[in-house]
Amino acid sequence: MLPVDLPGTVRDALLAPLVDHHCHGVRRDDLSRAEFELLINDGGSPAPPGTTHFDAPLGVAVRRWCAPLLDLEPHTPPAVYVSRREELGAPEVNRRLLAGAGVVAFLVDTAPASMSPADMSPADMSRADIDLLTATEMGRHGGAAADELVRIEQIERDVAEDAPLAVDYLDGVGEQLTARAARAVGLKTVIASLYGLDFDPARPTRGAVIAAANRRLADPKQPLTDEVLLRHLLWSAIDVARERGLPVQFHTGFGGSGPDLHRTDPGRLGAFARMLQPAGVPLILLHCYPYHRQAAYLAGVHPHVYVDVGLALPHTAAASARVVEELLELAPFHKLLFSSGCHGVAETCYLGALYYRQALGAALGSRLAAGEWSAADAARIAHMIGSGNARRVYRL
Amino acid sequence: MLPVDLPGTVRDALLAPLVDHHCHGVRRDDLSRAEFELLINDGGSPAPPGTTHFDAPLGVAVRRWCAPLLDLEPHTPPAVYVSRREELGAPEVNRRLLAGAGVVAFLVDTAPASMSPADMSPADMSRADIDLLTATEMGRHGGAAADELVRIEQIERDVAEDAPLAVDYLDGVGEQLTARAARAVGLKTVIASLYGLDFDPARPTRGAVIAAANRRLADPKQPLTDEVLLRHLLWSAIDVARERGLPVQFHTGFGGSGPDLHRTDPGRLGAFARMLQPAGVPLILLHCYPYHRQAAYLAGVHPHVYVDVGLALPHTAAASARVVEELLELAPFHKLLFSSGCHGVAETCYLGALYYRQALGAALGSRLAAGEWSAADAARIAHMIGSGNARRVYRL
Amino acid sequence: MLPVDLPGTVRDALLAPLVDHHCHGVRRDDLSRAEFELLINDGGSPAPPGTTHFDAPLGVAVRRWCAPLLDLEPHTPPAVYVSRREELGAPEVNRRLLAGAGVVAFLVDTAPASMSPADMSPADMSRADIDLLTATEMGRHGGAAADELVRIEQIERDVAEDAPLAVDYLDGVGEQLTARAARAVGLKTVIASLYGLDFDPARPTRGAVIAAANRRLADPKQPLTDEVLLRHLLWSAIDVARERGLPVQFHTGFGGSGPDLHRTDPGRLGAFARMLQPAGVPLILLHCYPYHRQAAYLAGVHPHVYVDVGLALPHTAAASARVVEELLELAPFHKLLFSSGCHGVAETCYLGALYYRQALGAALGSRLAAGEWSAADAARIAHMIGSGNARRVYRL
Numbered sequence: 001m002l003p004v005d006l007p008g009t010v011r012d013a014l015l016a017p018l019v020d021h022h023c024h025g026v027r028r029d030d031l032s033r034a035e036f037e038l039l040i041n042d043g044g045s046p047a048p049p050g051t052t053h054f055d056a057p058l059g060v061a062v063r064r065w066c067a068p069l070l071d072l073e074p075h076t077p078p079a080v081y082v083s084r085r086e087e088l089g090a091p092e093v094n095r096r097l098l099a100g101a102g103v104v105a106f107l108v109d110t111a112p113a114s115m116s117p118a119d120m121s122p123a124d125m126s127r128a129d130i131d132l133l134t135a136t137e138m139g140r141h142g143g144a145a146a147d148e149l150v151r152i153e154q155i156e157r158d159v160a161e162d163a164p165l166a167v168d169y170l171d172g173v174g175e176q177l178t179a180r181a182a183r184a185v186g187l188k189t190v191i192a193s194l195y196g197l198d199f200d201p202a203r204p205t206r207g208a209v210i211a212a213a214n215r216r217l218a219d220p221k222q223p224l225t226d227e228v229l230l231r232h233l234l235w236s237a238i239d240v241a242r243e244r245g246l247p248v249q250f251h252t253g254f255g256g257s258g259p260d261l262h263r264t265d266p267g268r269l270g271a272f273a274r275m276l277q278p279a280g281v282p283l284i285l286l287h288c289y290p291y292h293r294q295a296a297y298l299a300g301v302h303p304h305v306y307v308d309v310g311l312a313l314p315h316t317a318a319a320s321a322r323v324v325e326e327l328l329e330l331a332p333f334h335k336l337l338f339s340s341g342c343h344g345v346a347e348t349c350y351l352g353a354l355y356y357r358q359a360l361g362a363a364l365g366s367r368l369a370a371g372e373w374s375a376a377d378a379a380r381i382a383h384m385i386g387s388g389n390a391r392r393v394y395r396l
Numbered sequence: 001m002l003p004v005d006l007p008g009t010v011r012d013a014l015l016a017p018l019v020d021h022h023c024h025g026v027r028r029d030d031l032s033r034a035e036f037e038l039l040i041n042d043g044g045s046p047a048p049p050g051t052t053h054f055d056a057p058l059g060v061a062v063r064r065w066c067a068p069l070l071d072l073e074p075h076t077p078p079a080v081y082v083s084r085r086e087e088l089g090a091p092e093v094n095r096r097l098l099a100g101a102g103v104v105a106f107l108v109d110t111a112p113a114s115m116s117p118a119d120m121s122p123a124d125m126s127r128a129d130i131d132l133l134t135a136t137e138m139g140r141h142g143g144a145a146a147d148e149l150v151r152i153e154q155i156e157r158d159v160a161e162d163a164p165l166a167v168d169y170l171d172g173v174g175e176q177l178t179a180r181a182a183r184a185v186g187l188k189t190v191i192a193s194l195y196g197l198d199f200d201p202a203r204p205t206r207g208a209v210i211a212a213a214n215r216r217l218a219d220p221k222q223p224l225t226d227e228v229l230l231r232h233l234l235w236s237a238i239d240v241a242r243e244r245g246l247p248v249q250f251h252t253g254f255g256g257s258g259p260d261l262h263r264t265d266p267g268r269l270g271a272f273a274r275m276l277q278p279a280g281v282p283l284i285l286l287h288c289y290p291y292h293r294q295a296a297y298l299a300g301v302h303p304h305v306y307v308d309v310g311l312a313l314p315h316t317a318a319a320s321a322r323v324v325e326e327l328l329e330l331a332p333f334h335k336l337l338f339s340s341g342c343h344g345v346a347e348t349c350y351l352g353a354l355y356y357r358q359a360l361g362a363a364l365g366s367r368l369a370a371g372e373w374s375a376a377d378a379a380r381i382a383h384m385i386g387s388g389n390a391r392r393v394y395r396l
Numbered sequence: 001m002l003p004v005d006l007p008g009t010v011r012d013a014l015l016a017p018l019v020d021h022h023c024h025g026v027r028r029d030d031l032s033r034a035e036f037e038l039l040i041n042d043g044g045s046p047a048p049p050g051t052t053h054f055d056a057p058l059g060v061a062v063r064r065w066c067a068p069l070l071d072l073e074p075h076t077p078p079a080v081y082v083s084r085r086e087e088l089g090a091p092e093v094n095r096r097l098l099a100g101a102g103v104v105a106f107l108v109d110t111a112p113a114s115m116s117p118a119d120m121s122p123a124d125m126s127r128a129d130i131d132l133l134t135a136t137e138m139g140r141h142g143g144a145a146a147d148e149l150v151r152i153e154q155i156e157r158d159v160a161e162d163a164p165l166a167v168d169y170l171d172g173v174g175e176q177l178t179a180r181a182a183r184a185v186g187l188k189t190v191i192a193s194l195y196g197l198d199f200d201p202a203r204p205t206r207g208a209v210i211a212a213a214n215r216r217l218a219d220p221k222q223p224l225t226d227e228v229l230l231r232h233l234l235w236s237a238i239d240v241a242r243e244r245g246l247p248v249q250f251h252t253g254f255g256g257s258g259p260d261l262h263r264t265d266p267g268r269l270g271a272f273a274r275m276l277q278p279a280g281v282p283l284i285l286l287h288c289y290p291y292h293r294q295a296a297y298l299a300g301v302h303p304h305v306y307v308d309v310g311l312a313l314p315h316t317a318a319a320s321a322r323v324v325e326e327l328l329e330l331a332p333f334h335k336l337l338f339s340s341g342c343h344g345v346a347e348t349c350y351l352g353a354l355y356y357r358q359a360l361g362a363a364l365g366s367r368l369a370a371g372e373w374s375a376a377d378a379a380r381i382a383h384m385i386g387s388g389n390a391r392r393v394y395r396l
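Residue numbers (UniProt numbering), protein chains in the order written: chain A, 1 to 396; chain B, 1 to 396; chain C, 1 to 396.
Calculated directly from the structure, the hints in this document are not laboratory data. As the structure is a computational prediction, the values presented were derived from the model and not from experiment. You may find that some hints are simply not true.
You can't tell identical chains apart in this list, so a pair holds if it fits in one copy or across any two.
Computed list of lysine to any residue pairs in SDA-like fashion (alpha-carbon distance at most 25 angstroms, straight line) [what the hints assert, rightly or not]:
id: 1; residue 1: K221; residue 2: E243
id: 2; residue 1: K221; residue 2: A271
id: 3; residue 1: K221; residue 2: D158
id: 4; residue 1: K221; residue 2: R274
id: 5; residue 1: K221; residue 2: G50
id: 6; residue 1: K221; residue 2: A370
id: 7; residue 1: K221; residue 2: P204
id: 8; residue 1: K221; residue 2: R322
id: 9; residue 1: K221; residue 2: T178
id: 10; residue 1: K221; residue 2: V82
id: 11; residue 1: K221; residue 2: A321
id: 12; residue 1: K221; residue 2: M275
id: 13; residue 1: K221; residue 2: A34
Same shape as in the complex, but just chain A (with noise of 0.2 angstroms):
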């Protein structure tokens, strides 16, 4: 599905083996219709009477491009699509559809489902003991190396169902921060999701995080929105980082329940990255959609902010070449990285992978035919944001 007359280098670079710095683990086991449409569409609830969540650009999506994968036609019904899929049985499926990605290196975040971004929602907490796909098992049955993300917002989790005092919480968090870290290639925080990007940046005073955790030691189960404690965590986790040489992942835009979608908007970070400059912690702006422009801008007035539209593309599907087009307008090449955002079944990897090839192929392709990329400019920056950004930036 790229333009047919790209010249063989950039071809060869667009269809290179991709690392897939962030996406989640997927269901081990087969799906009912109601469940899978549930996993296709961001909000948590089923479609109203009468209608389908396949009767969205994804949907769309997974019976153009996945039914083939499943030996079906393209455009085939959504009923014969969920029954082959039964048919085939889960692990064929995601053998199938993770390998077709061509992913040559998985990061994932390994936090249960209940932790994703849309863990406030009633529909997303009855998720919550569903059985994912670990990260070495996403890298087996995509036949890629796999990684593990630290979802920092999980650690905290643990540690305050613990502790039983506020200085054990404090105490918890740094030392549960750093054991993760160890044996992980970045850490991830959904700060957008709980409260919003705009968080007073400076770090807390530790009286301020003593108090709001006695608060919070009342009652751990909650899921954490407070201010205060959401920014210490932040910044314990931006310590670890520092020390360990790893990036800090932010969830931004679209794809979370928590506040309106413009506190999740990514320019509200400029303050923030500023501040952060000095550390020289990669900061990893994930999704960002529809404020893409303002990752972009970030991470070209930043020397250490990167940015990827990761989920916006499987989700915006046959629409998502205009998605890439708008994050090219800004972004430096050598910050710009590959994620499928792959969360829930493995289409969305697929179809990550597959939209990114051929929204990129396009971008290339009209820049070649205007002169004004070179082919061999096209195709190494393919292969910079493909691969290469991420190899540099998660030291892989």
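With the hints as your guide, set chains B and C onto chain A.
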């Protein structure tokens, strides 16, 4: 003006009669050039000396597409267009343009022009007593059915002018909403223009409402900008809508003259939408531009949220295809509606329908050419957006 | 690089000399590669180890389009480009690039670089004493007329450093604005970068200004970030502008290094613009990206608001056509201006003009091909945007 190579079924679906689920009555009288210019601009002021409101996307589109319906050449000069309009007379012009839109049913916001979203500018206040076609007349001129939408802020003003005491005001708002909703197909709020969409989503307490109503009754001729009373009115409307199974339309984005534009971003309705989800009242986001991506996102995650770009299409005119493309990035196809947003002159209705068909046709054509969608899906979805979804939501 | 099938009159209109209504002086001295890289990036920091600021849209465009003017092949490597630049010497390079832009008049913001929108980052402070071409020199090098724009925050700093008392400060601001405006064609404010555009639109009271001035005079070397003094300065500038019939330019959107990006959204000037409408002082929104749609909206509803996307074109480079297309969605054609936003190196001037012509040419070409516009309108409007509107607004 559809792509030449569209399959016949898709072409037929695009050309099928539309349900225009949100429009206003148009002027019934002949218009001078100065009056016509004011009505094709969104701001309420004459163009600066030496310039003309015809030199804007909508103005060029009027000369291009409406001129032939008045027996003129495309691209006819403004003076010729306005003089031919007078020659034919407003009734004939309205008939040609409204019938030319190919609409099978108009849902008409029947508030007087002085209650338009732009009702706070002095220029607009001067239009307060002008004569607009009623819903019935809109239907008759356009050869279509017609139903009414109730502007809740108009009801409030009528009640405020008549209520001696705050308690009468409270009773009156509830009673009048109930009475007028009985013969309407939907309710509509312009809270975005009067206050902004960043209101506190919670229902205000009775005490707060009484206090605010007392202030209000001291000067009921003023436009309603009190946040507490606006919320009270909105929640009262939600109660009535729930009882009668009616949707509630929200004016969002450009096209009003109240608060700064970012405060009309429909993304700011996220918490309110979540709060309303159990009630099941459909929320319909109108216009949305330039925040249509945010609106499409809300429509994707909330089962009761719907979206259309209304007035954005005639106003962006030759550039409207990209607006529709951006809307299609994330919005479920069963959540998209067509409206012309028709306002002031029938040209906006005709152009709204024309650019809707043209833009959706281009979007479908490119998906078919890329093999992304099947023709059967394209035709089915065109029917859904053009009329099917509206018939379902408004129970037409 | 214009579409091949444009009618001759439209082509001529696009290639006609431009009025560049907003640019800065460029460096007069030879630049090392490190210096050159800093000047083609917006952030003021070197690219991370192993990367280069040439790997960004603007950097690729320099190699593609500026190289031939220095007798090099398109797509020449960065090292070759920088070394050829040194070989020719800065005066010759500046002459070729500025003359190559095809500009008939430069309006030049003559504030020293340390007063640039980015003046708060340490990296930029180090450029404080560098040598930039004056307005006269810009004109001479570019074979064009040249006029001055007065940066009001520079005047304030000069006054603050000299005023013994708050009352002298107040008098000084008014007197200096009047004196310097006497030989300028416009005023310019960078309040977006110093504070944000979400300032209180009302004129501050004299008492508040005196109090703030007393604080200011204690440390006048600091950049001005006090909201009250910035508003006082702005309203004082408005007074002078009204008296002398001068427009006031606002830096908006990307390109500064002050508050978070969303606070530079020109849409936030809505209430201020409404307040200024009776005064009739033209407000000109510069750059605007990624909020150019919001800026176009303001230009549509306020008779005294103008817009251009300046620096966004050289920075988005190969992707600039979409930015211009989005600007054309709503902006009246008599409200659009051209500027290169030229900054630091003459390449930005040359590329600003090149991409402006290319992007507008593409937009006009597609409207002509679709039959949306007539060739006569296209040519007329190209003349208006390229120079006519600027001549009218600045009374050139």
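Hints and how they fare:
no., hint, verdict
1, K221 / E243, "neither (30 angstroms within a copy, 37 angstroms between copies)"
2, K221 / A271, "between (32 angstroms within a copy, 22 angstroms between copies)"
3, K221 / D158, "within (9 angstroms within a copy, 50 angstroms between copies)"
4, K221 / R274, "between (34 angstroms within a copy, 22 angstroms between copies)"
5, K221 / G50, "neither (37 angstroms within a copy, 45 angstroms between copies)"
6, K221 / A370, "neither (57 angstroms within a copy, 49 angstroms between copies)"
7, K221 / P204, "within (23 angstroms within a copy, 30 angstroms between copies)"
8, K221 / R322, "neither (41 angstroms within a copy, 45 angstroms between copies)"
9, K221 / T178, "within (23 angstroms within a copy, 43 angstroms between copies)"
10, K221 / V82, "neither (35 angstroms within a copy, 60 angstroms between copies)"
11, K221 / A321, "neither (41 angstroms within a copy, 48 angstroms between copies)"
12, K221 / M275, "between (32 angstroms within a copy, 22 angstroms between copies)"
13, K221 / A34, "neither (28 angstroms within a copy, 53 angstroms between copies)"
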